[in-house]
Amino acid sequence: MQSYDIIIIGGGVVGSAIARELTRYRLSVAVLEKESDVCTQTSGRNTGMLHAGFLYKPGSLKAQCAVEGNAEFDQVARELDVPFKRTGKLIVGFTDEEKERLRYFIEWGRVNGVPGMELIDRKRMDEIDPSAGGSFAIFCPSSGILDPFIYAIALAENAVQNGAVYHLYTEVAGAEALPDGRHLLHTAGRGDFACRWVINSAGLNSAKVSAMLGIPGYVIQPVKGEYFVLDKKAGQFAKIPVYPAPTPRFTFDTHATPTVDGNVLVGPNSFNVEDGEDYSVSQSGMDGLQESGARMFKHMKREYYIRTFSGARPKRIDPQTGEVQDFLLETREDVPGVINLVGIESPGLTSALPLARRVVRLLAEKETLVPNPHFDPIRRGIRRFHEQDAEEQARMIREDPDYGEIVCRCETVTCAEIRRAIHNPLGVFTVNGIKVRTRASMGRCQGGYCETRITALIREELGKAVTEVELGPKGSQMFTGAVKGGNQA
Amino acid sequence: MTEKQAVIIGGGPAGLAAALRLREKGVKDILILEREKYLGGILRQCIHDGFGLTRFGESLSGPEYAQRFIDRIQAEGVEYITECTVLDVSPDKVVTAASKTRGLLQVRAQAVLLTMGCRERTRGALATPGTRPAGVYTAGVAQSYINLQNIMVGKEVVILGSGDIGMIMARRLTLEGAHVQAVYEVQPYPSGLPRNIEQCLNDYGIPLYLSHTVVEIKGRERLTSVVVAQCDERFRPIPGTEQEVPCDTLILSVGLIPENELSLAAGVELDPRTRGAYVDEHCQTGVPGVFAAGNVLHVHDLVDFVSLEAEALADSAAEYILSGSLPACPLEVVAGQDVGHVIPQRCSGTRDFTLYLRVRRPLNQVSVVVRQAGREVLRKKMRKALPAEMILLAVKAAKLTQDANLEVTVE
Numbered sequence: 094m095q096s097y098d099i100i101i102i103g104g105g106v107v108g109s110a111i112a113r114e115l116t117r118y119r120l121s122v123a124v125l126e127k128e129s130d131v132c133t134q135t136s137g138r139n140t141g142m143l144h145a146g147f148l149y150k151p152g153s154l155k156a157q158c159a160v161e162g163n164a165e166f167d168q169v170a171r172e173l174d175v176p177f178k179r180t181g182k183l184i185v186g187f188t189d190e191e192k193e194r195l196r197y198f199i200e201w202g203r204v205n206g207v208p209g210m211e212l213i214d215r216k217r218m219d220e221i222d223p224s225a226g227g228s229f230a231i232f233c234p235s236s237g238i239l240d241p242f243i244y245a246i247a248l249a250e251n252a253v254q255n256g257a258v259y260h261l262y263t264e265v266a267g268a269e270a271l272p273d274g275r276h277l278l279h280t281a282g283r284g285d286f287a288c289r290w291v292i293n294s295a296g297l298n299s300a301k302v303s304a305m306l307g308i309p310g311y312v313i314q315p316v317k318g319e320y321f322v323l324d325k326k327a328g329q330f331a332k333i334p335v336y337p338a339p340t341p342r343f344t345f346d347t348h349a350t351p352t353v354d355g356n357v358l359v360g361p362n363s364f365n366v367e368d369g370e371d372y373s374v375s376q377s378g379m380d381g382l383q384e385s386g387a388r389m390f391k392h393m394k395r396e397y398y399i400r401t402f403s404g405a406r407p408k409r410i411d412p413q414t415g416e417v418q419d420f421l422l423e424t425r426e427d428v429p430g431v432i433n434l435v436g437i438e439s440p441g442l443t444s445a446l447p448l449a450r451r452v453v454r455l456l457a458e459k460e461t462l463v464p465n466p467h468f469d470p471i472r473r474g475i476r477r478f479h480e481q482d483a484e485e486q487a488r489m490i491r492e493d494p495d496y497g498e499i500v501c502r503c504e505t506v507t508c509a510e511i512r513r514a515i516h517n518p519l520g521v522f523t524v525n526g527i528k529v530r531t532r533a534s535m536g537r538c539q540g541g542y543c544e545t546r547i548t549a550l551i552r553e554e555l556g557k558a559v560t561e562v563e564l565g566p567k568g569s570q571m572f573t574g575a576v577k578g579g580n581q582a
Numbered sequence: 110m111t112e113k114q115a116v117i118i119g120g121g122p123a124g125l126a127a128a129l130r131l132r133e134k135g136v137k138d139i140l141i142l143e144r145e146k147y148l149g150g151i152l153r154q155c156i157h158d159g160f161g162l163t164r165f166g167e168s169l170s171g172p173e174y175a176q177r178f179i180d181r182i183q184a185e186g187v188e189y190i191t192e193c194t195v196l197d198v199s200p201d202k203v204v205t206a207a208s209k210t211r212g213l214l215q216v217r218a219q220a221v222l223l224t225m226g227c228r229e230r231t232r233g234a235l236a237t238p239g240t241r242p243a244g245v246y247t248a249g250v251a252q253s254y255i256n257l258q259n260i261m262v263g264k265e266v267v268i269l270g271s272g273d274i275g276m277i278m279a280r281r282l283t284l285e286g287a288h289v290q291a292v293y294e295v296q297p298y299p300s301g302l303p304r305n306i307e308q309c310l311n312d313y314g315i316p317l318y319l320s321h322t323v324v325e326i327k328g329r330e331r332l333t334s335v336v337v338a339q340c341d342e343r344f345r346p347i348p349g350t351e352q353e354v355p356c357d358t359l360i361l362s363v364g365l366i367p368e369n370e371l372s373l374a375a376g377v378e379l380d381p382r383t384r385g386a387y388v389d390e391h392c393q394t395g396v397p398g399v400f401a402a403g404n405v406l407h408v409h410d411l412v413d414f415v416s417l418e419a420e421a422l423a424d425s426a427a428e429y430i431l432s433g434s435l436p437a438c439p440l441e442v443v444a445g446q447d448v449g450h451v452i453p454q455r456c457s458g459t460r461d462f463t464l465y466l467r468v469r470r471p472l473n474q475v476s477v478v479v480r481q482a483g484r485e486v487l488r489k490k491m492r493k494a495l496p497a498e499m500i501l502l503a504v505k506a507a508k509l510t511q512d513a514n515l516e517v518t519v520e
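Here the protein sequences line up with chains A and B, keeping their order.
Using the working numbering, read the first sequence as starting at 94 and increasing by one per residue.
Using the working numbering, read the second sequence as starting at 110 and increasing by one per residue.
For reference, chain A alone in the conformation it holds in the complex (with noise of 0.2 Å):
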């Protein structure tokens, strides 16, 4: 039995963010995460948005938590070595009727606190994006983008730097009260653990999570959106995130947001689900994209498509009226030793941080945190060699000849990069997760080029045999052994 102060269970954004607070503090802090890395969920299936706080309801936790992260978001992004744009948003509109509902977001946006909101002519427009259509829009400075992968990732790394445990592959089965008052929780295959207190940032499975922990009757329910993602032939059409304007129920029809590699991402849709772990993407989900996404984008062509996907918002609903409630974040007298996140969907990704710090906050309520005089708040990235000018690239070469070889074409990721991917500091070792650490694989050619490469030093780095090298999930064996009188298995 392994024993913590704290057990954060999900790795994802939030969870990582409070992990990575955490550890300013004398704690031992480990994280429970299933999955084979922390963003192969929610927190890496999104539209990597860094929200300005307008869209919600002024006083709600939503609204205080994305202002707030908003607000920071230059200086986390220094920090953490994050790719991050701000570039600002445009929400366009044709009607009279448009416009009311615009200036109810300009209203929602001054109570909340969101800097610089505006209602801008078609002249203005012009000037910030031509390509937007619409008659008027509402011009929001301070919305960004960002990579969303290596925004999780640099939390996590950030707060394994600083003393933190994570351990992959570790689903939480039960839980129960030590009699000395500590928690244990048993895990799926990966023995017991035991704390003094338990955090659930469990996304997706949070209401169940939180039943095990004593806390029953939340309902999540999660909301599916599909994805296009176009080439960055595309991108250079798309500068700034423009969002038509709301529909009459304030939500979003189709939009079209630049990512901050490039690309364009048309999506999402959205729609409930049963299990919002099921990743597919429909026939229907598509066409429907390929319609709206067309309207908002007139670069929607086939030949930009590069992938689909989707991702679920863990939305938490009344169960009464099935209305979509605010983020939850409590303890409860009743159950000592839990602090608990339900429902912690969109603008999770702004409010990570955010939300670590409350947790933070509550944890000194009930006991004396001594700060890590050890703690760094610093994380460096891998360096990418293609953003570097040439002079740059032929320094990187000669301190390290393996920047000289290309590994991925598309994306121009070289084998030093893979290499340090390969020995991330969380001891990833998918393909996938080599992917959201450099890009490779993820430009037109889709790892056509690259993945037998990627593959291969898989293996040479980690010694793996070729059956145990995994595309994500466990039981994601790519390979079935070796060919007749091969010598690979």
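Don't read these hints as lab results, they were simulated from the structure.
Note that the structure is a prediction, hence the values are computed from the model and not measured.
Positions of the beta carbon are idealized from the N, C-alpha and C atoms, including for glycine.
Some hints could be false.
As the list claims (entries may be wrong) - Covered stretches of chain A (chain B as the covering partner; in silico rule of three or more C-beta atoms under 8 Å from a C-beta of chain B):
(1) 362-374
(2) 398-406
(3) 480-488
(4) 492-505
(5) 555-566
(6) 571-579
Claimed, not checked - No more than 27 Å apart at the CA atoms, straight line, and that leaves these computed lysine-lysine pairs for DSS-like:
(7) A:Lys557 with B:Lys264
(8) B:Lys505 with B:Lys134
(9) A:Lys557 with B:Lys146
(10) A:Lys301 with A:Lys567
(11) B:Lys146 with A:Lys577
(12) A:Lys557 with B:Lys209
(13) B:Lys264 with A:Lys567
(14) B:Lys202 with A:Lys326
(15) A:Lys567 with B:Lys327
Claimed, not checked - What follows is a list of derived Cβ distance ranges for each label pair:
(16) B:Thr111 with A:Ser377: 52 to 60 Å
(17) B:Gly349 with A:Val204: 50 to 58 Å
(18) B:Gly349 with A:Asp380: 17 to 25 Å
(19) B:Gly349 with A:Lys391: 29 to 37 Å
(20) B:Leu257 with A:Lys567: 22 to 30 Å
(21) B:Glu342 with A:His479: 41 to 49 Å
(22) B:Arg217 with A:Glu485: 18 to 26 Å
We have chain A already, so just place chain B on it with the hints.
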């Protein structure tokens, strides 16, 4: 910065043939840049035979075919660098490349030869619905694992697309002990060569279902099944014809796309039909001194024709390098009725050239006709014309005038 008469990007069949012909024509200062560890390009992983029938009159494996060129390259002392990836080609023909041993290279070339080949279309481009499990491979990737790394990719196999590599992999996987259940092709006719249908499918009892496609991919970790359905003439699945096929591996052979990222960087304009460069009869792109041949220009069916085209390129490139210019090509070559594409798209009218074309659909008892201002210049009768097979026509300058475009039709 070093200078070269010719820099050849890609040491596959096109690049090798071009280099040797340049030497013959007196261009000595050549550099081939190859990103792989060895010369030979995609031929290295094509261990089946059937290469060289037209050129050498015998059936060679891919590596054997490539080796005939590599031996001559080495005997002639043509300079080449392997494990060297070109990062950029500028419109003024400065080539930037990265190499482990030589660092960041910059070479200014009198002529740049684009011979980068092609890549495979992916599932993402098809937007096939379903999950994203392990076990979904493009045919070329599976071929690379099996033939170059000795790794088996699966046991129960379904193949989508009747491209040549897909059919060749059907046979290869069968020989390695996998069970290939079927090949599904969305078109009403096969997209690969008849000889591959015979030798790779029929000989092994592997059924080919035309007008069928995969409509869903299932399995969370590893592939567990695919759903296939019959398609109508507009390639839409016909409801009610869906059938679930359990399998652990799906091989995609759904098309090849010329690899023109570097061409675009150099300012070369592409033809949306071929997805390769617009070229004149000298294989010269719209950027003077930048030439293209082989699969980077248009996807070929036989490597023999790639070598041939690359040699024609080299003849012109040598002339360009040694004399400083090439005859102007003011005449357009237009793809007319039932012609998918033509190469070249421009010609001079003063020189003989080889016209490459593909038909749009399978046709019987037809003539390919080239006309200039309505006047017939050339007619080739064909018992059968298939989209899978490239058609070559020798166009004679003696039959041409210099004042009107050429139109190519199938009648």
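Using C-beta distances, would you say chain B covers the stretch 492-505 of chain A, given that this needs three or more residues below 8 Å?
Contact hint for the stretch 492-505 of chain A vs chain B: holds, 9 residues under 8 Å.
Pairwise hint evaluation, Lys567 of chain A against Lys264 of chain B, where the allowed Cα distance is 27 Å at most
Since the Cα atoms of Lys264 of chain B and Lys567 of chain A sit roughly 19 Å apart, the hinted pair holds (cutoff 27 Å).
For the pair supplied as a hint, Lys505 of chain B and Lys134 of chain B, confirm whether the alpha-carbon distance does not exceed 27 Å.
holds (23 Å)
Verify the proposed pairing of Lys557 of chain A with Lys264 of chain B, using a straight-line Cα cut of 27 Å.
holds (21 Å)
Given the hint of 50 to 58 Å, is the C-beta distance from Gly349 of chain B to Val204 of chain A inside that range or not?
At roughly 55 Å between Cβ atoms, Val204 of chain A and Gly349 of chain B fall inside 50 to 58 Å, so the hint holds.
Using the Cβ atoms, figure out if Gly349 of chain B sits within 29 to 37 Å of Lys391 of chain A.
holds (36 Å)
Just tell me: holds or violated, for the beta carbon distance of Thr111 of chain B and Ser377 of chain A against 52 to 60 Å?
holds (57 Å)
Starting from the range 22 to 30 Å, see whether the pair Leu257 of chain B and Lys567 of chain A falls in it by beta-carbon distance.
At 28 Å between Cβs, range holds.
How does the coverage statement for the stretch 571-579 of chain A fare against chain B, requiring three or more residues with Cβ below 8 Å from a Cβ of that chain?
holds (count 8)
Against the 27 Å threshold, does the CA-CA distance of Lys557 of chain A and Lys209 of chain B hold or violate the hint?
At roughly 25 Å apart (the allowed maximum being 27 Å), Lys209 of chain B and Lys557 of chain A satisfy the hint.
Satisfaction of hint between Lys577 of chain A and Lys146 of chain B, Cα-Cα up to 27 Å
Holds: Lys146 of chain B and Lys577 of chain A sit about 25 Å apart, inside 27 Å.
Between the alpha carbons of Lys301 of chain A and Lys567 of chain A, is the straight-line distance 27 Å or under?
holds (21 Å)
Checked against the numbered hints above, the structure breaks none of them.
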